[in-house]
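These protein sequences, in sequence, are chains F and X.
Residue numbering for the first sequence follows the working numbering, beginning at 1 and increasing consecutively.
Residue numbering for the second sequence follows the working numbering, beginning at 1 and increasing consecutively.
What the hints contain is simulated information worked out from the structure, not anything from laboratory work.
It should be emphasised that the depicted structure is a prediction, and the values quoted were computed from it without experimental measurement.
Glycine residues also receive a C-beta, built at the ideal position from the N, C-alpha and C atoms.
Any given hint might turn out to be false.
Now the in silico label distances, taken between C-beta atoms and shown as ranges [to be verified]: (1) X:Val322 with F:Ala4: 23 to 31 Å; (2) X:Asp17 with F:Pro41: 55 to 63 Å; (3) F:Arg7 with X:Ala163: 49 to 57 Å; (4) F:Arg7 with X:Glu298: 42 to 50 Å; (5) F:Ala4 with X:Arg112: 22 to 30 Å; (6) X:Pro96 with F:Asp63: 25 to 33 Å; (7) F:Leu62 with X:Pro321: 26 to 34 Å; (8) F:Leu62 with X:Glu183: 50 to 58 Å; (9) X:Glu167 with F:Asp63: 36 to 44 Å; (10) X:Glu131 with F:Leu34: 15 to 23 Å.
The following residues of chain X were derived to be distant from chain F, with all beta-carbon distances above 10 Å [what the hints assert, rightly or not]: (11) Asp94; (12) Ala127; (13) Leu135.
Only some residues are given here: those of chain X computed to face chain F with a beta carbon under 10 Å [claimed, not checked]: (14) Leu55; (15) Thr99; (16) Arg103; (17) Phe109; (18) Arg112; (19) Arg113; (20) Met114; (21) His302; (22) Thr303; (23) Ala306.
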Amino acid sequence: MRVAANRDVCIGAGLCVVTAPAVFDQDDEGIVVLLTEDVPPDRVAAASLAVDRCPSGALRRLDDGSSG
Amino acid sequence: MTDAPVMPLHMRRAGFDPTDELAAVRRDEGVRRIVTALGVPAYLVTRYDDVREVLGDWGRFSNAGRRVFGMPDAPQLTEEEVARMRAGQLLTFDPPEHTRLRRMLTPEFTVRRMRGLEPRITEIVDAHLDELERLGPPADLVSSFALPIPSLVICELLGVPYADRDEFQYRTRRQLDLSIPLEERLSLGRDARAYMHGLVARAQAAPGADMLGMLVREHGDELSTDELVGIANLLLVAGHETTSNMLGLGTLALLRHPDQLAAVRDEPAAVEPAVEELLRWLSIVHAGIPRVTTTEVEVAGHTIPAGELVVCSLPAANRDPVLVEDPDRFDIARAPAGHLAFGHGVHHCLGAPLARMEMRIAFPALLRRFPDLALAVPFEAVEFRSFHVVYGLRALPVTW
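Bound-form chain F, shown alone (with noise of 0.2 Å):
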């Protein structure tokens, strides 16, 4: 699975960061940052949850077939 970050569009809920933290960190400001676009196979479902989890819309999946 391959993940992307909009960084504009986050308002830094942090929640990405508590459910994939392998996956996701805040800067300063508390706003996303992305460790790695592909996501490690054992870190899939925790990534997968952080996505649904999302708030803002700020993250989605860039392989799972939608223009999202």
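Fit chain X to the supplied structure of chain F, relying on the hints for placement.
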């Protein structure tokens, strides 16, 4: 004369549960026309997917330009007063105005910042437990634990003197009490702004290390004094009234489920999922801030014209069977579910990480200090408080 406000469907509860009527609306119709506590007709949205969609789409469901004062007898406010009331109130703006304000605050609520607060919150919780222990049973857990802990935390963070708590707690409680006439609530709002003006002036003269000081130092040239007052008031109100009701109601929920209470007390790994399940199952905020449709929309097969008020029921959404199996059962062993207790979309609760941290510290600390904690009155005698922006308890008499 204005008639006494009538409690709308989405605020009625039966103890911990939303009413059967609300569940039936979710099952059968999805959307129902209601009249809000302010007497304004609105569309009530009840299903998980629909609530997520409405709250997540600020373009079609706007927080700005609310038609709050729809009652024919509502007090007439000047444009100037309305502008002053809205200044800095993040919940009354859409992007990009909302983004501008929110971005000034997000650095204060990062996961790292919250971890940094953990030792101080633990200290505050322990101090209140020491005092409870010293005074001995029985005690009212709302006034001695659930309310003071989040109040002290937000006071320290924001830079509000804790000595002023009686007056701001009183104002908040009544401002959000929808059974109280609007005129009085508006007047309390003016008092709250006047109070905060004093604190803002002090911070402008000598900005401290707290959040008010940070806002003055780092954003003083881009924020008006009214905006500073609005932001600070929102944080103060949201910072204590919500978490305190989760602590009170949450403790009662655990007392009614002793096996799960024991898990929260004895198993550190059970705490985080328990807090999430309490948030979902209790959903103490009845509804997100009402949205106004900017265009004709369709929700659950219902056509809603432009310019209409839309209210999203958070407890109904969080007890939707599409979210979790057997949703009315309280079960801290559930797999994590994306509940909507903190809302969704760009207005998702700014203080959620702080609230979670306070609950994760306070619940187990309370239960470990008093392993025999029990209700001091029959369950039937516990008074729930429903006709209020935030659901909660008037008091929680306990013994140990």
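A quick look at each hint next to the structure:
no.: 1; hint: X:Val322 with F:Ala4: 23 to 31 Å; verdict: holds (27 Å)
no.: 2; hint: X:Asp17 with F:Pro41: 55 to 63 Å; verdict: violated (41 Å)
no.: 3; hint: F:Arg7 with X:Ala163: 49 to 57 Å; verdict: violated (41 Å)
no.: 4; hint: F:Arg7 with X:Glu298: 42 to 50 Å; verdict: violated (32 Å)
no.: 5; hint: F:Ala4 with X:Arg112: 22 to 30 Å; verdict: holds (23 Å)
no.: 6; hint: X:Pro96 with F:Asp63: 25 to 33 Å; verdict: holds (31 Å)
no.: 7; hint: F:Leu62 with X:Pro321: 26 to 34 Å; verdict: holds (31 Å)
no.: 8; hint: F:Leu62 with X:Glu183: 50 to 58 Å; verdict: holds (54 Å)
no.: 9; hint: X:Glu167 with F:Asp63: 36 to 44 Å; verdict: violated (56 Å)
no.: 10; hint: X:Glu131 with F:Leu34: 15 to 23 Å; verdict: violated (46 Å)
no.: 11; hint: Asp94; verdict: holds (13 Å)
no.: 12; hint: Ala127; verdict: holds (27 Å)
no.: 13; hint: Leu135; verdict: holds (36 Å)
no.: 14; hint: Leu55; verdict: holds (8 Å)
no.: 15; hint: Thr99; verdict: holds (8 Å)
no.: 16; hint: Arg103; verdict: holds (7 Å)
no.: 17; hint: Phe109; verdict: holds (6 Å)
no.: 18; hint: Arg112; verdict: holds (7 Å)
no.: 19; hint: Arg113; verdict: holds (8 Å)
no.: 20; hint: Met114; verdict: holds (8 Å)
no.: 21; hint: His302; verdict: violated (24 Å)
no.: 22; hint: Thr303; verdict: violated (25 Å)
no.: 23; hint: Ala306; verdict: violated (23 Å)
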